[in-house]
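Novice: As given, the protein sequences belong to chains D, Y, E and P, one line each in that order.
Just so you know, we're using numbering that gives the first Met the number 0 here: the first sequence kicks off at 0 and counts up by one.
Just so you know, we're using numbering that gives the first Met the number 0 here: the second sequence kicks off at 0 and counts up by one.
Just so you know, we're using numbering that gives the first Met the number 0 here: the third sequence kicks off at 0 and counts up by one.
Just so you know, we're using numbering that gives the first Met the number 0 here: the fourth sequence kicks off at 0 and counts up by one.
One should not assume that every hint holds.
The list cannot tell twin chains apart, which means a pair is met if one copy fits it or any two copies do.
Unchecked claim - Here are the simulated SDA-like cross-link-like pairs (lysine to any residue), alpha carbons at most 20 Å apart as the crow flies:
(1) 30 x 42
(2) 30 x 165
(3) 30 x 158
(4) 30 x 49
Note that these hints are calculated values from the structure, not bench results.
4 protein chains.
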Amino acid sequence: MTERPRSAISTSTSDRITVRGLDLTTDLMGKVGLGDMAFLELLGRLPNSGESVVFNAMLVSLVEHGLTPNTLAARLTYLGSPEALQASVAAGVLGLGTVFVGSIEGAARMLQEALAEEGAGDDLQRLAGVIVEEHLSSRRSIPGLGHPIHRPVDPRARRLFELASENGLAGSYVELIELIQAEAELRTRRTLPLNVTGAVGALASELQLPWTICRGVGIMARCIGIVAHLQEEMRDPIAAEVWRAGERES
Amino acid sequence: MTERPRSAISTSTSDRITVRGLDLTTDLMGKVGLGDMAFLELLGRLPNSGESVVFNAMLVSLVEHGLTPNTLAARLTYLGSPEALQASVAAGVLGLGTVFVGSIEGAARMLQEALAEEGAGDDLQRLAGVIVEEHLSSRRSIPGLGHPIHRPVDPRARRLFELASENGLAGSYVELIELIQAEAELRTRRTLPLNVTGAVGALASELQLPWTICRGVGIMARCIGIVAHLQEEMRDPIAAEVWRAGERES
Amino acid sequence: MTERPRSAISTSTSDRITVRGLDLTTDLMGKVGLGDMAFLELLGRLPNSGESVVFNAMLVSLVEHGLTPNTLAARLTYLGSPEALQASVAAGVLGLGTVFVGSIEGAARMLQEALAEEGAGDDLQRLAGVIVEEHLSSRRSIPGLGHPIHRPVDPRARRLFELASENGLAGSYVELIELIQAEAELRTRRTLPLNVTGAVGALASELQLPWTICRGVGIMARCIGIVAHLQEEMRDPIAAEVWRAGERES
Amino acid sequence: MTERPRSAISTSTSDRITVRGLDLTTDLMGKVGLGDMAFLELLGRLPNSGESVVFNAMLVSLVEHGLTPNTLAARLTYLGSPEALQASVAAGVLGLGTVFVGSIEGAARMLQEALAEEGAGDDLQRLAGVIVEEHLSSRRSIPGLGHPIHRPVDPRARRLFELASENGLAGSYVELIELIQAEAELRTRRTLPLNVTGAVGALASELQLPWTICRGVGIMARCIGIVAHLQEEMRDPIAAEVWRAGERES
């Protein structure tokens, strides 16, 4: 007999639902917050208290970003499809690619690939130099560095690393991206703040999240912000104005 | 001069981001969890401790639902678009319409419209009778009632109402949907458990969330589960098997 | 043994693909245009020459609509997700709901439900009066009527009905919506042109397309326009300007 | 005064709509088919008769692909969101990434980048050898080659190149991909048929479509097929069965 495809994340019977081995109603509901539930989903266990502080702070820092292209896309979609909120939320999610939220993935990949090699962590200063050199010589920007507004320091990145430090989660990944940032500013003579996606990419790596899923951490947080923007759009609509900013013929 | 469209949710300067009047880095990051941040986004203020327990439990109860049609759609999308995780998450969000998560909206709408009328709350038993009668006579199902697996009681709904009760949030909306559920079982002589979406719809109403945004509460929670399913799909793929369950010609 | 789910639309072997009973390479490729292929997909047979003219004209009239909210959403999505064109196209599709393209569905539903009843076609003038009365008395707008720019006549609607007339496809559905339009202008004393979506809804009904799929006719046409807008966005980008029309803090 | 963002694709006044300089109602509706309209949108002019035959055949060959992962995703989405057909179509579009339809882009990019260099077309045989060598040595698959079912020849690719030849559109891009295919089979001693996406990528290049938009050509064609699958799903639903092929607990 062929087995049917299965997911190992949860099981359920008529009176019991188990998620990652914990009972949803007795172990989780009323006992853990949404951020810890997300940690459980992704990492298969509940966070300890330090991990909880840092992981929740990572998510909290990403929820709200104002009138970004993707929240505008969500609002414009609502103009045409008010019958289906999920369509507008999805439109808002679709802009979270390589350019914005995807830089979390870029930063985490850079750090995880660099530290995956045997002995790579022995000389982080040298490793940072190699990484910066590779990016500069191929004229690629370094993921996680630079911000148009939050300069010379992105206050969210600084706060995240403070929290990581206080909670024993500032390890090699954090150190490496700080060295990369310093080296990049030195080499380019430009202000290149570590931005929030770079900090989240480093901390996701400290938490053992593979880089392939790191974009998803940003997406789940931003999804909350998208819903809030749609709520505001229902009450105080602006999408029609944004539309009029585009061409309209008489 | 015409003003540019604005969102009142957040503002930012080079060194400070404010969300709903609170400083993101000093008031929120490291101090509030993701669920409380979602509450702030939607309701414009942080929850008190009872509201926090209940709102987080609502969200936690909705995160994970196993291999539902929408997580399958997300996984099948990943087969074709591995370069863009946001596309797969959006595909998973798109199935959260009237049939599944949308029933939160249906239940909240039913309760909020019923209790919006002057004096409507004076005789909840009579009101429940009217609502059940309206649905039965027009052969519409009552949103928030019934479940194919969790019978005769959905343990998540029971737990949510316990938590609401312990935290002073079991008001008229909770009472009304319980009366509707009892009346519906009496009238139809069928087992019609209050399900998790019905309970969430009632509690969202207690928290003053308008029914128009209640589908969004489910979407933000399920978005987390979708990301976790995609992480599992990367490691232990099943989408190709699901595909083969469909037609394949030789 | 349970059978696997199957689609009856097409079959294939190593050297032959059949769509709706026709051989893709010998009967279709090089012989029929894209519009006729769409007709075959939806109606299960190729159109005759008159049907082909009218169906292609319906689709052609819907392809391009300028900088609408949904093409703006597609362009804004491209800003963030340039790695995945399908994400931007999908974002553009998501705004094609009840308000814009969905009015094709609304008009087709109104006409098809009205003419589905036994003998309903015997007195179209009376039927039109009933329909207009129902909408006015419940303060609902009549689907397919009215346009902010194309007044007093939508030239696309007029052209579509000319083509239908020349090709023997102007039957009861066309007559009914024309009577509805005239009656609505008379009753409201306002200019209410039959718009392109109303005309397409009537002609889709003449072609026996059920109203439930009529929104899809608009979506397939507009999908072509969305791709063209994304091509233009790659060459002459405007999405960043539209974004700047929204709030941007210093 | 700053100008508002504009699209150069179309303009409209109350009684006239112009697309790429042609009058929509008098020059296009009733005169050109949907495929030619798509050509006009993308290339800014109507096709000549040979181009029309080939471009329509390219699109026709891509419309229908059976129960692929993306049509299953569309059908599963419809289970949850029947109120919004656009959501299901978008879910179907979202799986058209690098793995399936995106290989049109891959093939077109390979050919266009190879022939962009000065004098590159002088020795196509040598160029084909270099391209195959580059892919084999870096263990990358060659876009546009190979098919699990249509072996040793994909009949759609063969037919497309016949039509191109008959219509004077088989130039250097067609020749180059044929040489690449032959060389790849020789070097790998495996059967590697030119598949339909490879042929479409080569012909799109002959038509001067930049590779960056070639994925869109596939998306617009497949969008038609997705709508047809959703129409079938409404009449003869299979999504619930596919769902049951996934895990379901009692």
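Novice: Now look at each hint and say whether the structure bears it out.
Specialist: Here is what the structure says about each hint:
1. 30 x 42: Classified as within; 18 Å inside a copy, 22 Å across copies.
2. 30 x 165: Answer is between: at 13 Å across copies they meet the 20 Å cutoff, but 24 Å inside does not.
3. 30 x 158: Between. Shortest inter-copy distance 12 Å satisfies the 20 Å Cα cut-off; intra-copy 26 Å does not.
4. 30 x 49: both (17 Å within a copy, 12 Å between copies)
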